[in-house]
Structure formats: structure tokens, C-alpha cells
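Start counting at 1 in the sequence shown, then tack on 568, and there's your number in the working numbering.
In short, the hints are calculated from the structure, not lab data.
Incorrect hints may appear among the rest.
To be verified - With beta-carbon atoms standing in for the labels, derived distance ranges:
#, residue 1, residue 2, range
1, Ile-742, Ile-687, 14 to 24 angstroms
2, Leu-767, Lys-727, 26 to 36 angstroms
3, Lys-898, Arg-668, 48 to 58 angstroms
4, Ser-846, Tyr-669, 21 to 31 angstroms
Claimed, not checked - Below, simulated BS3-like cross-link-like pairs (lysine-lysine); rule was C-alpha separation at most 25 angstroms, straight line:
#, residue 1, residue 2
5, Lys-753, Lys-704
6, Lys-722, Lys-770
7, Lys-769, Lys-704
8, Lys-704, Lys-722
9, Lys-704, Lys-770
10, Lys-693, Lys-712
11, Lys-949, Lys-898
12, Lys-727, Lys-704
13, Lys-934, Lys-825
14, Lys-949, Lys-1015
15, Lys-727, Lys-769
16, Lys-693, Lys-722
17, Lys-712, Lys-769
18, Lys-949, Lys-825
19, Lys-727, Lys-712
20, Lys-753, Lys-769
21, Lys-1027, Lys-1017
22, Lys-1025, Lys-1015
23, Lys-722, Lys-712
24, Lys-704, Lys-693
25, Lys-693, Lys-769
26, Lys-1027, Lys-1015
27, Lys-753, Lys-770
Owing to the predicted nature of the structure, the values given are computational and were not obtained by experimental measurement.
Backbone N, C-alpha and C define an ideal beta-carbon position, used for all residues, glycine too.
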Amino acid sequence: MNATKRKFNALLQGLNSPRPSPPDQKPRKTADITAGTAASSSLPSSPLSTIAQKKRRMGVAPAADTASSSSLLSLASIASLRRPLQTPPPAAGPPEVAARYCPGDREQLLRRLASFQEITSWTPKPDRVGEVEWAKRGWVCHGKERVRCALCHKELVVKLNRKEQDGKEVSVLIASEIEEALVEKYADLIVSSHQPDCLWKKRGCDDSLLRISFSNSSSTLESLRQRYDELCSRQSFLPYEFNLRLPEDLVLDTVLKQLPENFFTHPPPAAAATTGQSPNRAALALALTGWQGLSNVRIGAVPNSASCHTCQRRLGLWMFKSKEVDENGKVLVPAAMDHLDPIREHRFFCPWKNPEAQSRVGATGKDAQATAWMSLLQMLKNESELRSIYQGHHRKSLAGEAPPVPEKDNVNPSTPQKAVPVLLEPMSNASAKTTAPELDEADRDAKDKERWARLRKVKSLFDAKASRKSKIPETPQSNKAATPQK
569 MNATKRKFNA
579 LLQGLNSPRP
589 SPPDQKPRKT
599 ADITAGTAAS
609 SSLPSSPLST
619 IAQKKRRMGV
629 APAADTASSS
639 SLLSLASIAS
649 LRRPLQTPPP
659 AAGPPEVAAR
669 YCPGDREQLL
679 RRLASFQEIT
689 SWTPKPDRVG
699 EVEWAKRGWV
709 CHGKERVRCA
719 LCHKELVVKL
729 NRKEQDGKEV
739 SVLIASEIEE
749 ALVEKYADLI
759 VSSHQPDCLW
769 KKRGCDDSLL
779 RISFSNSSST
789 LESLRQRYDE
799 LCSRQSFLPY
809 EFNLRLPEDL
819 VLDTVLKQLP
829 ENFFTHPPPA
839 AAATTGQSPN
849 RAALALALTG
859 WQGLSNVRIG
869 AVPNSASCHT
879 CQRRLGLWMF
889 KSKEVDENGK
899 VLVPAAMDHL
909 DPIREHRFFC
919 PWKNPEAQSR
929 VGATGKDAQA
939 TAWMSLLQML
949 KNESELRSIY
959 QGHHRKSLAG
969 EAPPVPEKDN
979 VNPSTPQKAV
989 PVLLEPMSNA
999 SAKTTAPELD
1009 EADRDAKDKE
1019 RWARLRKVKS
1029 LFDAKASRKS
1039 KIPETPQSNK
1049 AATPQK
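Make the full structure from the sequences, and use the hints.
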């Protein structure tokens, strides 16, 4: 009887204690263990489990209970510590350019040029195989020294004098003949590498597509004001006026006189642009040379940088501003860079810097050497002169003018009269009003006398012919013919 009880107690203890897993069996996942534990807790209690609970209350087999509770605690702690692994998001690739064939679209050309702006992806190349030539034929930068057609998706690696050494690209010296041959080959591949049915293989963008047009004065002034406002919002980083090296032809005082009176007030500037000196001469100088605020797609406006939206050049403004200046304008702590030349900082193909990119077809003389900022200054000058002429006529019309003097009636209606300009004088100038008609009348009489003298001379020639015909015997036909001549 006692042996039977011992066997029964051993059986109960074996049910309560955890069984060791064999070495070839893989451990179950935490999610399966927790699910099994939850499922076992939800099942109804069996008679064996009821007996085991009674034995625990009576203090029988404490070792088994301790082992089971410790195993459950360890499983619970492991389940609480485990977290699902988060895969990092894929790195953002180069910006995709719309696959559209439009060789006359300037905005699409600028977008393709923008893909070449990262120095880590595209190093400077000779002009014949530079980024401008690739972009004109529909290519975009699609990786490290790699271009891709946005229409036919053909890819090409462009390497001239660089090779990989120990996992890094280094420049190598090659003969000039070899480099010229490589440039010639890549210049041919710009066109021939497209797919046979690709439209960019047949025709690319025109060379004059980068040219900036200033024909519409209202839109030009609006763009200038937009660039000025964007730079004024960054005035804490703008360099001082003495930090700039402007061309001799760009005189800010003259430009301020030529601008419209409401240029800085209509539309009203933003609150960030009104703090400080008005107008901001440094911001105006940079805006006249094609610079405006830099904005990023992800973070928005970059407060300490400017950019050119034509050549995609970025400019760190803080590098050119003097760090410390006293009240008299003396530089105490100079800037990192000596000065800022806003024209030189543009890229070589930019029309703000390159006159060939801005010149019109067939232009000669000064027009062929005019850059974009020169054309902008000329437009402002022309508009200022037109406004002054219009305002002058408007003031005269408000003050009042004399009515036009009527011409003297012709004595002979058949005599042609030459139109004589009438001088319009103000009503207050009485002497000028009385002398002007007298001069006009005397001049008109002199011309009439000269005209009558010529007519008499011509008439005398006809009279001589008529006298000769009178000596010949007259016939009815001759009388009829001679009648209108008399």
C-alpha cells in the first residue's frame, strides 16, 4: 500500500515539474510559449491539478512548485523583454525626373541640371562633356559618375581621369591625347547611347534655352522683389555691403532711383523682412545678380544660405559676413572669406555670369557681351525713362494746355497743302502763343508761293505745245482732243 502511494506521488510530481527538452529539439518561440500558457490557463482544471493544488497547500513537494514558478517567471520576463525588430527605411535615392520629351521646356532642363549638383555624385568635366551637354540631351545624374536617360532609361558610366584604388576614387594623370580622345568619345555617346527609338537621340534642347528673358517688365520686377524678400528674411546671415565686390556698372544708388516708388511697399513685405534697415542694400545687390533664398524639399527654407535657381549653385552666406564690426563700421574680426563676388560665384554656364548663354541669336556689339544682370539693369533704366516721360505728360495734361491752332483755309482747293505741325503751348505763356501762329503762317505762305511758281512753269510748257498745234489745220478730232488741254 505504501509503495502504491509513493508511485502515485512520484507521478504527480512528474506532471508538475518541467520536462527537459532533448538536445536535437529546437526551442519554441516566445510567442508560442505565451500562447500555450494562456491556452492552458483557460482550460478547466482536471482532477490531477486539483490534487496538486491540495498538496501545495499542505506543503508537499516544495521543490517542484519552486521550479515551476521560476520557469514561468523566466518565460514572462523573456516575453516582456523581446521586441520585434524594426527594419530601417530604405535610403532616399536621387530625385526622379519626369519621363517627358519636351526640348523647349526650360523648367525641365533646369530640373535635369539640378541632378548634377552633388559633388559626391558628379565631378567637374570638360565643357564638351559637362552636365549642360548631358542635360540638353535628356540625361540625368543617377549615381556615382553615372547618367541615365529619363525617357529610354539607358544608363552610362562617365569616367575620364579617375580610377579606384583601395576602394577610393583617385585622379590619375593621363596624356593629353588620350584625354582628348576620351572627351571625343563621350561627346559622341551623349547622342548615340540612347535607344534607337528614343526621341532625345533625334533632337536635343536649343543652346539659347538657358537665356533669361526680361521682355515682360511686370514679371521681371515681381521676380526681383521675390528674390529680395527671400534674402531679407535671412538678413542676420547676410554679409555687409562692404563685404561685397560688385561690378563697376552696378551702382546701387542709381538702381534705387530707377526702381518704382512702390517697389518695396507693394505688396507689403513680411514681418521678418521689415526689421532693420530699409531698403536692405546687400539683399538688393544679391537679388540683382540672380541670388535668392535656398529652400530644401525636406526641411524647407535654409536660413543661412542662398542659391541661384538657374545654375543650382548654393552659397553659404555666413562665410562672407564679418564676425565683429564696431559702430564706425571698422572690422574687428574678419569673415572666413575675404569678400563675396556675387557674379563669380555663379557656375560657368549660368547666364548671370556667361554672356554667351544670355546673348540672343545674331546679337552683335554690346548686346552680345551682355550678361543677365546687365540686361536687368538696362530694363530697369528703360522702364524708369518711360515712367518719367509718362508722368511728365500726365502733369502737363493736369495743368492744362492750349488747344491746337486751326490751319488757314486754302484759297485754291486744288492746291495741295503740306501738314504743318502745331506747337502746343500752355495758356499762361501768352507771348509764345501769339508768335507761334505768325511763324507758321509766314512759312506756309512762302511754301505756297514756291509751289505756285512751279505750277506756272509746268503750265508754260503745255502752253507752248498748244501754240504749235494751233498752226496746223484743225479737224473735228483735233478740236475734241485739244479742248481739254485749254
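Against the structure, the hints come out as follows:
no., hint, result
1, Ile-742 <-> Ile-687: 14 to 24 angstroms, "22 angstroms, holds"
2, Leu-767 <-> Lys-727: 26 to 36 angstroms, "27 angstroms, holds"
3, Lys-898 <-> Arg-668: 48 to 58 angstroms, "56 angstroms, holds"
4, Ser-846 <-> Tyr-669: 21 to 31 angstroms, "47 angstroms, violated"
5, Lys-753 <-> Lys-704, "17 angstroms, holds"
6, Lys-722 <-> Lys-770, "15 angstroms, holds"
7, Lys-769 <-> Lys-704, "11 angstroms, holds"
8, Lys-704 <-> Lys-722, "15 angstroms, holds"
9, Lys-704 <-> Lys-770, "12 angstroms, holds"
10, Lys-693 <-> Lys-712, "14 angstroms, holds"
11, Lys-949 <-> Lys-898, "34 angstroms, violated"
12, Lys-727 <-> Lys-704, "19 angstroms, holds"
13, Lys-934 <-> Lys-825, "24 angstroms, holds"
14, Lys-949 <-> Lys-1015, "43 angstroms, violated"
15, Lys-727 <-> Lys-769, "22 angstroms, holds"
16, Lys-693 <-> Lys-722, "20 angstroms, holds"
17, Lys-712 <-> Lys-769, "24 angstroms, holds"
18, Lys-949 <-> Lys-825, "9 angstroms, holds"
19, Lys-727 <-> Lys-712, "10 angstroms, holds"
20, Lys-753 <-> Lys-769, "16 angstroms, holds"
21, Lys-1027 <-> Lys-1017, "15 angstroms, holds"
22, Lys-1025 <-> Lys-1015, "16 angstroms, holds"
23, Lys-722 <-> Lys-712, "15 angstroms, holds"
24, Lys-704 <-> Lys-693, "15 angstroms, holds"
25, Lys-693 <-> Lys-769, "22 angstroms, holds"
26, Lys-1027 <-> Lys-1015, "18 angstroms, holds"
27, Lys-753 <-> Lys-770, "18 angstroms, holds"
In summary, the numbered hints that this structure violates are 4, 11 and 14.
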